[in-house]
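**Q** Listed below are the residues making up each chain.
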Amino acid sequence: MSSITEVLPRTRAGVMVDPGPRGRFGDHGGRYVPEPLVAACDEVAAAFAEAWADAGFRRSLANLLALHVGRPTPLTPAWRLSAELGIDLLLKREDLAHTGSHKINNVLGQALLATRMGRTRLIAETGAGMHGVATATAAALLGLEATVFMGERDMERQAPNVFRMRVLGAEVVPVRSGSRTLKDATSQAMRHWVGVVDEAYYCVGSVIGPHPYPYMVREFQRVIGDEARGQCAAELPTGVPDYVVACVGGGSNAAGTFAGFVGTPARLIGVEAAGGAGAASGRAGVLHGFRSSFLQDGDGQITEAHSIAAGLDYPGVGPEHAHLRDLGRARYVTVEDSEVVEAAVRLARTEGIVPALESAHAVAWVIRAAASGELPPGASVLLTLSGRGDKDISTLMELL
Amino acid sequence: MSSITEVLPRTRAGVMVDPGPRGRFGDHGGRYVPEPLVAACDEVAAAFAEAWADAGFRRSLANLLALHVGRPTPLTPAWRLSAELGIDLLLKREDLAHTGSHKINNVLGQALLATRMGRTRLIAETGAGMHGVATATAAALLGLEATVFMGERDMERQAPNVFRMRVLGAEVVPVRSGSRTLKDATSQAMRHWVGVVDEAYYCVGSVIGPHPYPYMVREFQRVIGDEARGQCAAELPTGVPDYVVACVGGGSNAAGTFAGFVGTPARLIGVEAAGGAGAASGRAGVLHGFRSSFLQDGDGQITEAHSIAAGLDYPGVGPEHAHLRDLGRARYVTVEDSEVVEAAVRLARTEGIVPALESAHAVAWVIRAAASGELPPGASVLLTLSGRGDKDISTLMELL
Amino acid sequence: MIEARFRAAGRKLLMPYLTGGLTDGWVEYLRAFVEAGADAIEVGLPFSDPTLDGPTIQEASDAALARGTTVRSVLADLNGLDLGVPLVASTYYNLVAHDGPERFCAALRDAGFAGLIVPDLPLDEAGELITAAGAAGIELALLASVVTPAPRLALIAERSRGFVYAVSLMGTTGERHEVDAASAALVERLKAELAKSGTARPVLHGFGITTPEHAARASRAADGVIVGAALVRRVLDGAGPEEVGGYLATMRRAIDQGA
Amino acid sequence: MIEARFRAAGRKLLMPYLTGGLTDGWVEYLRAFVEAGADAIEVGLPFSDPTLDGPTIQEASDAALARGTTVRSVLADLNGLDLGVPLVASTYYNLVAHDGPERFCAALRDAGFAGLIVPDLPLDEAGELITAAGAAGIELALLASVVTPAPRLALIAERSRGFVYAVSLMGTTGERHEVDAASAALVERLKAELAKSGTARPVLHGFGITTPEHAARASRAADGVIVGAALVRRVLDGAGPEEVGGYLATMRRAIDQGA
Ligand SMILES: Cc1ncc(COP(=O)(O)O)c(C=O)c1O
Ligand SMILES: Cc1ncc(COP(=O)(O)O)c(C=O)c1O
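Chains as they are written, first to last, in our numbering: chain A, -10 to 389; chain B, -10 to 389; chain C, 3 to 261; chain D, 3 to 261.
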């Protein structure tokens, strides 16, 4: 037993574990919410702690993920792209999960929790619409109502997802304030929640928000990393990939992936949009209930993120990512919109997989890093393909 | 050994087996192609026979289906809809297969075969665009070119799939003749094939076309039925569902599903669009290289099918379905567009699954038959959900 | 009967094609064809889904059907007409199967047809129709293509009646810029097979004959040519019987001079 | 200091709110508020993402920021001004954290502020700011809500300075049609807690006070009211200081009569 612990580098001890009652990840995290929401957050925290310790709850969730979502998702060797890049690239296929992205893993967990707490309605914010679709889906499946807040600008660029939510019976509320994207949708969802805490459960879509959300969402997403770890062990001669790469908006797919590898020697790389790089270019700040790294101007005003990928169009990053960055355990890098579009098309044409533009950020970095030698020849790379590109098809076509 | 054979009803002996060198399913099937295509069909038949007998080929295909497509797809109990209908409904989730429908099962098989035959390009016809997307995907994955013929009318109503094919690098050729739907796209693909048999492989998208296509496509799709049979055995007290239901355009998802159950007592139900019911309302005829049941007028002219689901907008049905109908081994029923839309929305709102409008035909029949008592209370029903509804979202929204 | 007529012609053969019922006075085009020196005429019975035809004949089929043309109406239009050359019907198998081969062939015969071509009916599926056509006195001409292997070519040569239709290029009907080089080889192979079987059925070269030069070149090896889309195109563009017949006459001359 | 001033007022308290830097001569509104009988004034330091504010104050924040307003410019505008009533700053924690609590509080004090409200900083996270504010002589008022459980309410009562902000309804700032019934109960609970801890810090009732009647009703249980969106709405709609002050004066009268 002790030898296993010794193998882990010292700095990693206690990384990606329960952040304690105050939800702290180093300097980050916490619970910066108005007083009317404190009790609601407490209730969620208590319910989650109890549920997560309950084998019955875990079984129900695992069952839903297997029967309804199609987990485990495969680990696909990207043969042709690997050959072109001179590396060994493995794709964790969250694009194959029901509803088309990893968001459903988290949402089913939270929706089950909401049912357990006696709530009858889910509230959610959404950027790309994938979290909104996942929430609408979980609500339909469990017989709950759903209200989804979405920036008007995102509603335009991700129109099919708006339709999907409505077909699923969810109410989609356009948010017209600020940048009319994810940041403002999140603000609006929190405002709405204040008034309905008794009946509604706020289903946060990433590892952001007040405690316990960043912790809880990471736990619900760790199924990605846990599965991938086992799959890599079977697939790779070394058992563990040299690099583990995922895109980072709020950071839930990355957190879930990293959670499976944080105790291994794999290098963890989070890829942000150049125009929305909370971890890579942000400063310490507080928004949406948590302390983390945010884009802000010299006066401390949060600045608008700009990304071709609606799901990465967020000026901050989950608190645990800020912590992993501070620790040096994960590295956060950025790619430009143009690289992303190229990467999406390249993956489509080499592997027959049209990735979500969010996920294409991770692909873009791998392509660049393989070309520059930053990824050494022969390196094994696990990349979480967080979602499929159906929602982005018209954006891609316009740019082709 | 002999006892197993004896258990099978007499009429089922030899049903859904190899249709022999002339590709006959009772009175149906055959190979009605112009002389310049006879050799090409012979070559495909020989290559398929050889490949299908080759464990290495089967392994490669199974590998691709597992690693790339995400097979096996789950069998999802439709809990809430079952409760509402008073039956036990199980959904075979082809909507979760990579690219969003069962079409990929067949396409990967044929694309591997094309590679084996030294072809460098795939030709395909497509209606809803799912077969086209699957073909474009397989081509990208295996480094082939792809040319997809699609009726102009279908290109309009399934525009996102046109984009997907193009992003994947395929050439999409608009077909402006006739009804500008699947029938004409098929004609055009066959015309094109005549001129390029040496370099191109014609990747037919359903259990239609000249021998060996109906047989081969059924074999590549039987993975649906084989998986479902095993899953039902684990899930149902009786081991076998009372009913097995699938939508029928050309009939590939139904054929693949039925193949797994034809030797059981399960009743097989193929659901056609009322406006495109080749099996239920057609007469014997010959088109696109095979003899089967087709919609035609009093003069023997093929009439245009009309369905809200582009993938069912075909005036005929695969020859094996005509045969199963003649034998009474399967029954073919029809549903109206309006029932289909209602069924799609109902499934979305009870199970969180937005089905393809094609697949919603099967759901619509189950809903109707449960209400009318045709499906007795408590009946167990396996329904193949052939694809996801993303492509149909705008159609659904217009009608909601 | 066609074979005998052809042999009697003593020249390279010219068989123009027209889609039956294409225009109001479509039979007038047939008369003009005879005038221009046709040795036989192929009359298409329009089908909704002409899978072996290119854009021109597709358009003609659609136009004819839109006018209300049916197999019956084409046969009625030809009733009692004697053009002095054999008429060969061509259509897709669904129309044959619709009536059943026996009734279909009998109707053809009653309307004065001598032969039949069914491009989507390869040898392997043709048994029933061969029997029915034989019984009705209709000569069923089979198609051979440049990719047909030798043993099969022999069978086709043997079982074809009236003539053998040599599909010279890999493609659909329609106008082309040049005549395929492989065609001469196909024709040679066919003639060799026919010689082996002791018959001297003519081999007509079809598909893609667009200009008088094509016609002349193709009829060097073959016993004659079938000209379709090049004529139909002109009809669709509004040319009258005289004009279309005039064009056919230039082909006739080119063949006669070039051969 | 606020507490002392409030006690000295000897009447139910009225604290109007304005978003700092909202218009060119925004300080004139503050003067009008004093004229209308304000006992203190809450000045919002506009933040890009006012998550606890409803549409009116969101709009005001956006408008102020669009004019180039910053924390520094608001403080500068107030520099040297003595309105005769305490000024209470309100803002979100990011702006506090940006400068650091010490520097932020010192700057407030230098600009003449007496108090501070940070709606997204609950008790549990407030330790650092409580210390810094105390050191700078800024009174940090904490919020209490109708769902705050008893033991926590006691802590809030104990650690709040200047006054306690009773968030009467579950919702964001903004105009409402009626005053929530639960609010009186909250205020009673808060006063009981305050009494237990031996202090008599005033309890101000905020959120949703829209009409003079609301103000009168709310100030029956509470020691006074905070009025925000109802005033800001008028400013946004173009009303000048006199008009807005006039409206506030009707509230003052209603409170004084109704109480
Ligand atoms: C496909 C996909 N990937 C990634 C993201 C970003 O979220 P996160 O960083 O939480 O994984 C989104 C958000 O919408 C998404 O839709
Ligand atoms: C989702 C889906 N289901 C069914 C069909 C019909 O095809 P088949 O009858 O061959 O299964 C299609 C065809 O496009 C399809 O896209």
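There's no promise every hint is true.
To be verified - To give an idea of the chain B side of the interface with chain C (calculated C-beta under 8 Å), a few residues:
| # | residue |
| --- | --- |
| 1 | 11 |
| 2 | 23 |
| 3 | 27 |
| 4 | 288 |
In case anyone wonders, no lab produced these hints; they're calculated from the structure.
Small disclaimer: the values here were computed from a predicted structure and weren't measured.
Just so it is clear, CB atoms sit at the ideal spot from N, CA and C, and this is done for glycine as well.
**Q** May I ask you to test the interface hint for residue 23 (chain B) with respect to chain C, counting a Cβ-Cβ separation under 8 Å as satisfied?
**A** Residue 23 (chain B) check passes; min Cβ-Cβ to chain C is 5 Å, inside 8 Å.
**Q** Is the hint on residue 11 (chain B) kept, meaning its closest Cβ partner in chain C is under 8 Å away?
**A** 7 Å, holds
**Q** Against chain C, is residue 27 (chain B) within 8 Å by beta-carbon distance?
**A** 5 Å, holds
**Q** Against chain C, run the beta carbon of residue 288 (chain B) and see if the smallest gap drops under 8 Å.
**A** 4 Å, holds
When held up to the earlier numbered hints, the structure conflicts with none and fits them all.
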